[in-house]
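Engineer: With the hints as extra help, turn the sequences into a complete structure.
Line order of the protein sequences matches chains U and C. One gets the numbering used here by counting positions in the first sequence from 1 and adding 787 to each. One gets the numbering used here by counting positions in the second sequence from 1 and adding 213 to each.
It is possible that part of the hints are untrue.
To be verified - Pairwise CB distance ranges (calculated):
id, chain 1, residue 1, chain 2, residue 2, range
1, U, 839, C, 425, 16 to 24 Å
2, C, 423, U, 964, 29 to 37 Å
3, C, 315, U, 842, 20 to 28 Å
4, C, 465, U, 842, 13 to 21 Å
5, C, 424, U, 978, 51 to 59 Å
6, C, 290, U, 919, 21 to 29 Å
7, U, 970, C, 262, 16 to 24 Å
Hints in this document: simulated from the structure, not taken from any laboratory. Here a beta-carbon is modelled for each residue, glycine too, at the ideal position from N, C-alpha and C.
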Amino acid sequence: MSANAGSLADLQRAFQAFMLAGDTGFATKVRSGGRASREIGLAVYRDGYALRLIEALEIDYPGLMAMAGPADFELMARAFIAAHPSRHPSVRWFGRHLAAFLAATPPFSATPAAAEMARFEWALGEAFDAADTIPIDADALMSLASDSWPGLMLDPVPSFRRLTLAYAIPQAWAVREQAPPGELGVDPADRPTPWAIWRADETSTYRSLAPDEAALLDALAAGGTFLDMVGAVAPHTGEDEAPARTATTLRLFVEDGMIARFRLSD
Amino acid sequence: MLLPDDRFGLGLRTDHYEEIADGGARVGWFEALSENYMVEDGGPLRWLDRLRRDTPMALHGVSISIGSVDPLDGRYLDDLARLVDRVEPMWVSDHLCFTALDGVQMHDLLPLPYTEEALNHLVPRIQTVQDRLKRRLVLENVSSYIAYDASEMTEWHFLAELAQRADCELLLDVNNVHVSAFNHGWNPLDFLAAIPTDRVRQFHLAGHSHNGTHIVDTHDHPVADEVWTLYRAAVERFGPVPTMIERDARIPPYEELLAELEIARRLASEETPA
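Structural biologist: Structure below.
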């Protein structure tokens, strides 16, 4: 053993400091010799660390890649890696803070559509991985006695996610494979648009929501009763129309597989 | 210990889910990557349950970080134990390395120094995992690109000693033996000769990237000729050990991997005639 050798803890800390920050102290603890030089061997670890994490982001964020192109995507990814080292044993969770990072960190924050694309793509992945459930069907709802409806409460399926996007992100995402890398354009939406994301069968899906649909879904997801939902819809439709519109919209959501179960308030 | 009727298997990869579901496994068993299924529910577990119904599986992890000086991750072990209950695998493996330190995950299989200190550190940790999972842990030799000044013994002596002291089993990755032997300039047959024959639970085969001065364990090519040659030597020494091929990048059609696995069957049958 040479004077450079350290304890197990010292060696591991030096190795990590080399991989995360390029600290050169670790090189003094590594033996030269063999066919591969010490410098080459160290480079395999250092380069591999970044490439693995960049690849994980590429898998989760193909729309962002289509917007940025490989060179800018890599710059963004390396900045994110430096700011957010992975803390989960599975690399699949590595990118979960990317949208917040892009929204808050110059120069990426100057392109707000990038953070929105990241939010949308992460929500799609979450929807795919969410717990299974068998959605209720419309017959179950329609068979309820009319005097039960005011206290009706519904739970969305576990994969359900709600976003409001200022850019036409889902429209751009849908054509991400047709655009040359780096040239996927994302237009501002006419107005901030509510979207629902969920998993139907085994595929993540999404659709835009009319303002009254979004208000209804938000009341539903907050644990409100049918009467609460009617109250949320009324400003958009008028009070007279609201009960019928609420019932019709709920039926649509049920038929789309967005509702896991219903119950009646006490 | 359960053993598959057909000892030749493949790594279970999402690219092949549909084809396996439609056309059948056509292999004796699958090796599923533990971390991909350590989730509460959802798509990955739906597929795992579906494919497990017809085909035995082993679980293979990359993040137990058995050699780290961090405490063992209790939540990780709980999740793994839950997956073990669900899958009822033939065995559970991970790598002899460290992958995390101070809670930061490097997502790489970082080698350990081959020292008495490292042995003393590993043995109680392996025993803790074995108690938690109620089975022997199977540990794989990793490819390495550096050697520590601090090492006091060879990798093969370290592995043999560890298996004995911790009463664990070994996953002999034949490609990793070849890669490390090339990079460090030692004889891979010395490695095989030192590993106790009764400790090897499984063989791995995989492809690598040869860069002239060094080889990197990339799992993105077919198994190399030199690795097939070493595999024959491994079968000759260790006998009919369950064998599978790993492919993690440039994943080819399932049929292509089945054809590659046929090479393993043929070579093994030549070394261990019925």
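Engineer: Take the hints in turn and mark each one as holding or not.
Structural biologist: The hints, checked one at a time:
| no. | hint | result |
| --- | --- | --- |
| 1 | U:839 - C:425: 16 to 24 Å | holds (23 Å) |
| 2 | C:423 - U:964: 29 to 37 Å | holds (33 Å) |
| 3 | C:315 - U:842: 20 to 28 Å | holds (24 Å) |
| 4 | C:465 - U:842: 13 to 21 Å | holds (18 Å) |
| 5 | C:424 - U:978: 51 to 59 Å | holds (54 Å) |
| 6 | C:290 - U:919: 21 to 29 Å | holds (25 Å) |
| 7 | U:970 - C:262: 16 to 24 Å | violated (41 Å) |
Checked against the numbered hints listed earlier, the structure breaks hint 7 alone; every other hint is satisfied.
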